[in-house]
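Chemist: Sequence:
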Amino acid sequence: MSKPITILFATTTGNAEDAANTVAAKLKSAGFDSTLVSAANWTAPDVVNLAAEPSTLLVVASTWGEGEPPDDAIPLWDTLKELDGTPLTNIRFSVLALGDRSYEIFCGFGANLDERLEQLGGTRIAARVDSDVDYDGPTQEWTKEVISALSSDLAAR
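All letters in the sequence shown, in the order written, are residues 86 to 242 by this note's numbering.
Any given hint could turn out to be false.
DSBU-like, lysine-lysine: derived pairs with alpha carbons at most 35 Å apart [what the hints assert, rightly or not]:
#1 Lys88 x Lys166
#2 Lys166 x Lys229
#3 Lys88 x Lys111
#4 Lys113 x Lys229
#5 Lys229 x Lys88
#6 Lys88 x Lys113
#7 Lys166 x Lys111
#8 Lys113 x Lys166
#9 Lys111 x Lys229
Simulated DEER-style distance windows between Cβ atoms [stated by the list, open to error]:
#10 Glu138 x Asp219: 34 to 40 Å
#11 Val218 x Lys88: 30 to 36 Å
#12 Ile159 x Asn106: 19 to 25 Å
#13 Asp156 x Asp238: 30 to 36 Å
#14 Leu239 x Ala110: 15 to 21 Å
#15 Asp219 x Glu153: 20 to 26 Å
#16 Asp221 x Asn175: 28 to 34 Å
#17 Leu239 x Val218: 22 to 28 Å
#18 Gly99 x Thr171: 30 to 36 Å
#19 Lys113 x Gly150: 30 to 36 Å
Think of the hints as simulated: they come from the structure by calculation, not from any bench.
Given the structure is predicted, the values throughout are model-derived calculations rather than measurements.
We put the beta carbon where it would ideally sit given N, CA and C, even for glycine.
Using the sequences and the accompanying hints, generate a full structural model.
Modeler: This is the structure in structure tokens:
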């Protein structure tokens with residue numbers, strides 16, 4: 086049996102957690118086990134430990150203010166920025182970014198996190214989706230793409 090998929094959410098108002106729960110339910114319906122983790126309870130060493138063996142990391146991240154991470158993700162983000170090399174080569178990932186188009190920097194944290202995970206050696210399995218305030222549709226779209234990528238990978242084994 087494969088390792089459960091880790092769904093990491095970073096949120097201020099609870100929207101990213103709500104979307105992450107939706108993703109977990111859809112994954113379960115498609116036959117994939119997952120574990121939900123709050124960014125408040127995770128640090129960069131947790132990410133590196135996850136990468137000790139092939140793993141999948143799905144990130145649902147809201148942006149706060151003008152492109153900033155939500156408070157619960159600041160310690161994780163600060164540590165990810167300080168990592169060197171490519172310690173995440175065993176990580177397959179995708180990012181769902183939540184934001185608000187009324188701000189100048191739309192989905193800035195999700196975009197930055199997506200880029201940083203790739204810089205650290207992660208392999209993107211589905212394109213990042215940037216979602217405005219009404220995130221239900223984009224969450225469904227992103228989850229469908231992620232499940233398709235996971236299913237294709239499973240079929241190739």
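Chemist: Can the restraint linking Lys166 and Lys111 be considered satisfied, given a maximum Cα separation of 35 Å?
Modeler: holds (31 Å)
Chemist: Lying within 28 to 34 Å: is that true of the beta-carbon distance Asp221 to Asn175?
Modeler: holds (32 Å)
Chemist: Taken at face value, is the distance from the CA of Lys166 to the CA of Lys88 at most 35 Å?
Modeler: holds (26 Å)
Chemist: Determine whether the Cβ-Cβ distance between Glu138 and Asp219 falls within the hinted range of 34 to 40 Å.
Modeler: The hint (34 to 40 Å, Cβ to Cβ) holds, given that Glu138 and Asp219 are roughly 37 Å apart.
Chemist: Measure nothing beyond the straight line between the CA atoms of Lys111 and Lys229; if it is 35 Å or shorter, mark the hint as holding.
Modeler: Distance ~9 Å between Lys111 and Lys229 Cα, so the pair holds.
Chemist: Given the range 30 to 36 Å, decide if the beta-carbon distance of Asp156 to Asp238 lies inside it.
Modeler: At roughly 34 Å between Cβ atoms, Asp238 and Asp156 fall inside 30 to 36 Å, so the hint holds.
Chemist: Is the hinted pair Lys166 and Lys229 satisfied, with a Cα-Cα distance of at most 35 Å?
Modeler: Distance of about 30 Å is within 35 Å: holds.
Chemist: For Leu239 and Ala110, compare the CB-CB distance with the range 15 to 21 Å and indicate the outcome.
Modeler: Given about 19 Å between the Cβ atoms, the range holds.
Chemist: Next pair to validate is Lys113 with Lys166; report whether the Cα-Cα distance is within 35 Å.
Modeler: holds (32 Å)
Chemist: Holds or violated: Lys88 with Lys111, Cα cutoff 35 Å?
Modeler: holds (17 Å)
Chemist: Looking only at beta-carbon atoms, does the pair Lys113, Gly150 fall within the given range of 30 to 36 Å?
Modeler: Since Lys113 and Gly150 have Cβ atoms about 34 Å apart, the given range 30 to 36 Å holds.
Chemist: CB of Asp219 to CB of Glu153, is that within 20 to 26 Å?
Modeler: holds (21 Å)
Violated hint: 17 only; the structure is consistent with all others.
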